[in-house]
Amino acid sequence: KLYRGGRIKREFYGDIKESRRKLICLFVVSISLLLISSNLLVRATIQLAENLALTTTFLGMTLTSIGTTLPELSVQLRAIKNKEYGLAMGDLLGSCVVNLSLILGLLSVVSPMKVETSPLLTLLPFLFIAIFVVWYAISYKKKITRFEGTILIFLYILFILEAFRVI
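For the sequence shown, the working numbering begins at -18 and goes up steadily by one.
Honestly, the hints are just simulated from the structure, not real lab data. Please note: incorrect hints may appear among the correct ones.
[What the hints assert, rightly or not] Cβ pair distances, simulated, as ranges:
no.	residue 1	residue 2	range
1	0	101	45 to 55 Å
2	110	51	20 to 30 Å
3	44	106	13 to 23 Å
4	78	124	13 to 23 Å
[Claimed, not checked] DSS-like mimics (lysine-lysine), calculated; alpha carbons at most 27 Å apart, straight line:
no.	residue 1	residue 2
5	122	64
6	64	123
7	124	64
8	122	62
9	123	62
10	62	124
No experiment lies behind these values; they were computed from the predicted model shown. C-beta: ideal position from N, C-alpha, C; glycine also.
Between the sequences and the hints, there should be enough to build the whole structure, so can you do that?
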């Protein structure tokens, strides 16, 4: 069930009195930097794959995915610091849904992709187990504790070890 509304904490968002022109400029600069950095990230990943004799799929599901997740992590840490747990969980789980459905769907519509199955088949069991752990904790315990957090971190470490074994 999705909820709307709720209170907005003024101290979380700081002073919202910014001029429109300044906000538009910041938006344009931010988007420009994002486009430039994403281009650099793709080029660097391809070059690294060639230099290390690794597949771009492997680097995408290990190294690049961490880099693209860091901005989300900073949002979630800020939200948790401000005790906005709903925002942190909403951003985290919403991002997963957006990436797996909307982004993958758009990319496939724009340009159907050939998929290297071996590395991705390694990833899927870990993804399903992580989803189950989160689903169980939310459904039955109504919270994610240090225990589930430890399981998820351990699962990620196992995934990385397995990913390196597969290459």
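Among the hints numbered above, which are violated by the structure, and what are their numbers in rising order?
Result: no hint breaks.
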